[in-house]
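Residue numbers (the working numbering), protein chains in the order written: chain A, 1 to 492; chain B, 493 to 968; chain C, 969 to 1061.
Derived by calculation from the structure, the hints in this document are not laboratory data.
Certain hints may be false.
[As the list claims (entries may be wrong)] Derived lysine-lysine pairs resembling DSSO-like cross-links, with alpha carbons at most 27 Å apart: (1) B:624 - C:1035; (2) A:243 - B:782; (3) C:1056 - B:624; (4) A:396 - C:1015; (5) A:236 - C:1035; (6) A:236 - B:574; (7) C:976 - A:339; (8) C:1056 - A:338; (9) A:415 - C:996; (10) B:574 - C:1015; (11) C:1010 - A:396; (12) C:976 - A:338; (13) B:890 - B:874; (14) B:574 - C:1056; (15) C:1010 - A:395; (16) A:266 - C:1010; (17) C:1035 - A:266; (18) C:1015 - A:395; (19) B:833 - B:890; (20) A:243 - C:1035.
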Amino acid sequence: MEDIYFTTITSLRDRIRRGDIKAREVIEKYLGRAQKLNQRLNAFISLNQEGALAQADKIDQMVASGKDPGPLAGVPMAIKDMLCTRGLKTTAASRILYNYVPPYSATVVERLEAAGAITLGKANQDEFAMGSSSENSFFGVVKNPWDENYVPGGSSGGTAAAVAAGMSVAGIGTDTGGSIRQPAHFCGVVGVKPTYGRVSRYGIIAFASSLDQAGPMTRTIKDSAEMMEVICGWDKMDATTAKVQVPKWSTQLSSNLKGIKIGLPKEYYSSAFAPDTQKVIDQALAVVREAGAQIVEVSIPLTEFGVPIYYLVAASEASSNLARYDGVRFGHRADFSKKPAEDLAEFYSRSRGEGFGTEVKRRIMLGTYALSSGYYDAYYRKACQVRRLLRDQFKKVFTECDALLTPVASTPAFKIGERIADPLQMYMNDIYTTSTNLVGIPGLSVPGGMSSEGLPIGVQITAAHFCEEKMLNVGFAIEQALGIWKKVPNGL
Amino acid sequence: MAYNDWEPVIGLEIHAQLLTASKMFSSDSAAFGGADNEFTHPVTLGLPGALPVVNEKAIDFSMRAGLALNCQIRNRSVFARKNYFYPDLPKGYQISQFDAPLCEKGFVEYFLNGEIKKVSIERAHMEEDAGKSTHFADYTLINLNRAGVPLLEIVSGPDMRSPAEAAEYARMVRRILRYLEVCDGNLEEGSMRCDCNVSVRRKGETKLGTKVELKNINSFRFVEKAIEYEIQRQIDAIESGEKIVQETRLWDTAKNRTFSMRSKEEAHDYRYFPDPDLLPIEVGFDWLEKIKKELPELPLAKARRFQDQFGLPAYDSFVLTQEKALAEYFEQTAKVCGNAKAASNWVMVELLRELNEQKLLVQDSPISSQRLGELILLIENKTISGKMAKDVFLEMLKNPKSAQEIVNEKGMSQITDEGAIVKIIQEVLDKNVSAVAEYRSGKNKLFGFFVGQVMKASRGQANPDLVNKILLEKLK
Amino acid sequence: MISEAQLKRIAELARLQLTEGELALYPKQFSSILEYFEKIAKIPTEKVEPLVTPTDMVQTLRGDEVKPWEHHNESLANAPERSGNLFKVPPVV
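Bound-form chain A, shown alone (with noise of 0.2 Å):
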């Protein structure tokens, strides 16, 4: 038996709608393994025992009575713990949440299972998405694979620890500021983050609205554009998502880019990268052009203001989002037994104080105080009008070409608690990626070449809005030409 652990959802799912292996057999294979390696890596939140294994059954079921069990059938998908998943439980890995089980699944969840994924468990990740290393949860940081003393990435770094390892085929993560393609790069995946409105927000735990997405991590981009087929379309429950038809990505893919115009915007090449990504995007470029397309010089000239709008709009959004945990509906309550609170507000206070983490608590304070009378203008509404000409800036650069190749981060995967103690720094790194959140364009990471230290690094590609196709065909043509996304991590 081929190995059914680090395959591609095409493959397992081809296999299971043969009916050469069982959907339970994988199953519970899966489990053993992500139960076995979360010891070490610590990727799964909470593992869905009892509930993979009745979707199991049941497509074995619909493929032995010769239904179709779906385009993803029997395939196991590593689920951020963002995303609501009924009658399992939902932490967004943070103590506010830390028994919240939801009555109703995501949107998302529910387009998987209906295509046959099985939900295999809750992917570990930054609280409320609040981060980019995975080192801010509840239920403790996330070891990268290629390296326990790395990082992951967040905030999606429990999802793309979880598809590295082999520890689940596929996944979703979700999007706000880079936390699908960072991830992504860190650990040596494919992350996708659609343009904003492709993928309804439903039932996915809001970190900030108007940029939150969730997106495919796989091994390859065909695997992506099979998920991102599932996932995305207009949904009556969320009123920001678009009526735009979803083309049929994986069966468009090609790695002849002839006729593509690829731009390099030069404020993200005007500072210096790490050695080893250079060299990387260099190469990158270089398969690019090989593959028939033209590179051009563009420009972005807000490029540096990208981290600051980003952070003023993500963290007061997030202020308001996360007003509605309370303690009165679901979630963390302090005990109030032995010291009753004196007054509502310290009933809120307290309940909230103890809930939330140090980085998220950051966020919260940084929102509400960019909201606040006096200063709403200065932060909140500035950022957005700023937001608005960054867009304008972005629209021009697609008049002038078709999709933009940068890195994903300045480096490469960092130290579990080198910047841990730094937010601004941490903030920062995050440069070349909020800008695609900001102006709602699609996103990729793609697996590229590896650091001298043996860690993955990826390239970012981006395009314009709901201009998906033309951004996964560059990714398709560094994948094939590369092969890098078949290296596995030693060891596991």
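Assemble chains B and C onto chain A, guided by the hints.
Showing chains B and C alone in chain A's frame:
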């Protein structure tokens, strides 16, 4: 009402619950009542991941109201979050509208003491209601059935100068909303709530005084009483050297006074910002035109038409247009009997008295407009007298038969045959010879006595005009 | 530099009890973060309409239909304290 050299300044914030079937942003029922926390979809509970989707009908209704309040309708209005913590506010913010409300810059005209008055409408914006807290000594219980029910908040300018004006303005707004069928206007159940902003200033002063917001007022009568109390309280306070504190005060119905809601007024900072979960509401030309076309004739326009078309006095026309159903009843009655003035009198006096006594809505009147019209017609064609008609009317309340049938059954039709009347009169005169002599000797007052005797003898059926005429001749 | 008083006011607005460590850490961190954020002040934005939703979309409206929610027990099971089906909190007012 005079306040010596003081002038009260009053503005109203009316919260009208829109009569949609489902809530503003979720498919939960918006009905009054329900079992404890029965109408609590994840959106209502503010569960993690739940998202609002706007109820189209709530916008329709708000536009209808906005147009009827003579407002401009924004073609792009924005939902904003009003952030504050309270246990019956599930999300920690209320979805409302802030700097881009759907309706703004309108006005309302109403009728008071024989004149038409006008109040400006600053804005009318959509928002969601909060849940309900029930307070006990050592805990509070939260029911979220009402959370998310659509409201339209109608904010008037500070244009009213007396409690009566404020109450009458509020009544007119209620009337309009009921005509539009967008709100049932039930103050007691809270489907309409009136918050009153009251301040006083010295006459001639142009600057506004410190305003106090009055809440918890559940009838128009109390709107008037609460404002009246508050004006006097403020004048007394200022005259005795105190300063008015900007605060919220609640009306205490039992004690007939207002009292301060909080001892320490918290400085609010609602941190309004556009709700990123909702796109701006775009109202295109077609949508607006469709709503405009569907607008019914509004109370004041109807009252004016009643004056022009039927020659009714202003007062009658305003009474008859208080409720759309009443106005329709009147028009139908007038059409059947062909005499609008008579119809107006019958509806305003006899019908409304009976309905009020029996606490019935005009829709549930035991006498339909058709039957009342036919009754009046019998007076018009002199089949019965007005006095007889009142008896028939009373009978009709209990008896579903038509006026004509009742008249026939009871042999009540009017005697218009002169010969028959002459005969009755002769009998009366024969029995009262001495009175006849007194009359003839100059005691003219006795004429009424003879009429009464004749009517009595005819069991009220003799035509009064003929009785008068013939009696005069016979007594010469 | 953001003062401790300002910090406490924001924490009060956000209903967050801060730990001693956070109270010690935040003022300096906030000051450097805000200083960095204030870079955007120099960009001219007069008459620029703020951008909230990044893509151009048509609004999704809902028809006025009631669909009873059927999983109350699952929702209410998450409540920290209840009385019957009502949520229970310490006395308010």
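Go through the numbered hints given earlier and state which of them the structure violates, listing their numbers in rising order.
Hint 17 alone not satisfied by this model.
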